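J.: Sequence:
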Amino acid sequence: MSVMRRLAREPLVHFVLLGVLLFAVYDVVNEDDALDPQSRVIEVDRETLINFLQYRSAAFEPGYFEAQYDALSEEQRAELARSYVREEAMAREAMALGLEENDYVIRRRLVQKIEYLVADTDIEPEPPTEDDLRAYFEEHRADFSLPAEYTFTHVFADAEIDRAGGPQAHARALLARLRADGANFNDAPSYGDRFPYQLNYVRQNLRPIADVFGPEFAAALDAMTPDETWQGPVMSRFGAHLVLLTDREQAREPSFEEVRAQVASAVLEDRRTNTREVLLDELVDQYDVRYAEGIPEP
Numbered sequence: 080m081s082v083m084r085r086l087a088r089e090p091l092v093h094f095v096l097l098g099v100l101l102f103a104v105y106d107v108v109n110e111d112d113a114l115d116p117q118s119r120v121i122e123v124d125r126e127t128l129i130n131f132l133q134y135r136s137a138a139f140e141p142g143y144f145e146a147q148y149d150a151l152s153e154e155q156r157a158e159l160a161r162s163y164v165r166e167e168a169m170a171r172e173a174m175a176l177g178l179e180e181n182d183y184v185i186r187r188r189l190v191q192k193i194e195y196l197v198a199d200t201d202i203e204p205e206p207p208t209e210d211d212l213r214a215y216f217e218e219h220r221a222d223f224s225l226p227a228e229y230t231f232t233h234v235f236a237d238a239e240i241d242r243a244g245g246p247q248a249h250a251r252a253l254l255a256r257l258r259a260d261g262a263n264f265n266d267a268p269s270y271g272d273r274f275p276y277q278l279n280y281v282r283q284n285l286r287p288i289a290d291v292f293g294p295e296f297a298a299a300l301d302a303m304t305p306d307e308t309w310q311g312p313v314m315s316r317f318g319a320h321l322v323l324l325t326d327r328e329q330a331r332e333p334s335f336e337e338v339r340a341q342v343a344s345a346v347l348e349d350r351r352t353n354t355r356e357v358l359l360d361e362l363v364d365q366y367d368v369r370y371a372e373g374i375p376e377p
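80 is the number of the first residue of the sequence shown in this note's numbering; add one for each residue after it.
Don't read these hints as lab results, they were simulated from the structure. Only a predicted model underlies this, so the values are computations on that prediction, with no experimental measurement involved. Be careful, since some hints might not be right.
[Said to hold, decoys possible] Just the calculated beta-carbon pair ranges, DEER-fashion:
(1) Gly373 x Asp290: 40 to 46 Å
(2) Met169 x Ala371: 35 to 41 Å
(3) Gly373 x Pro204: 34 to 40 Å
Glycine is no exception: its CB is placed at the ideal position from the N, C-alpha and C atoms.
Produce the entire structure from the sequences given, and follow the hints as far as they go.
T.: Given below as structure tokens:
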């Protein structure tokens, strides 16, 4: 059997030929919309390849990638250029074929690029005055309130270990030992099973505590009275815990002086957000937006 006859029977060859035919048909049908000669030119230079390296690595450190490029051998630079040219050619053909249309993932990426450009604007907000800061603080006091903070340690009974009566029974036995031994805050590591996270928590609010132990544990901790007595067992997603809660600072509203730096950061961020909104509104104003009947205008 001849080489040509064998190739004619290969499915991959049929696929390639079909692709070539489709491109040929597309060029004929869209002859009037063909790409101009300049758009068929792919410029490859040092700056282009350094940018390609950065995008491919999803990291943007020009100095680092300039050094990386300069360290490449001639062979490696040629391979890098080949990869760039192939990607660029495919991207242009995809756009020429309209493959990006109705693709919401691509649409979101394009929108994100505009958002990045707007966010990266050099327009820096006007620094707030002292009166601005105090007025903002009075208007947003709740945003700066300090949550209750808890200081505690715990002894753990692992639910993964097979014991008679389960982790709660083991925890109750541990509780009797802790009280009989007069164990204090620093003695916790000498008892119980190994816990995957830390044992001691100092001035932590309920959010990170709930993230580790779960909301039920956090609620039980909040209901406890701080003293020098071991309490529990309290269940979590890991097992049972014996808790020594030594201190709880109640939630409170701080003075302006305590949170002045946070207030200043919040004011500047609000002003940056307002600037971005104005720029995006100006962008939309360049379009003739027509709302169908029944669609409320924003």
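J.: For each hint, tell me whether it holds in the structure or not.
T.: Hint by hint, here is what the structure shows:
no.: 1; hint: Gly373 x Asp290: 40 to 46 Å; result: holds (44 Å)
no.: 2; hint: Met169 x Ala371: 35 to 41 Å; result: holds (38 Å)
no.: 3; hint: Gly373 x Pro204: 34 to 40 Å; result: holds (39 Å)
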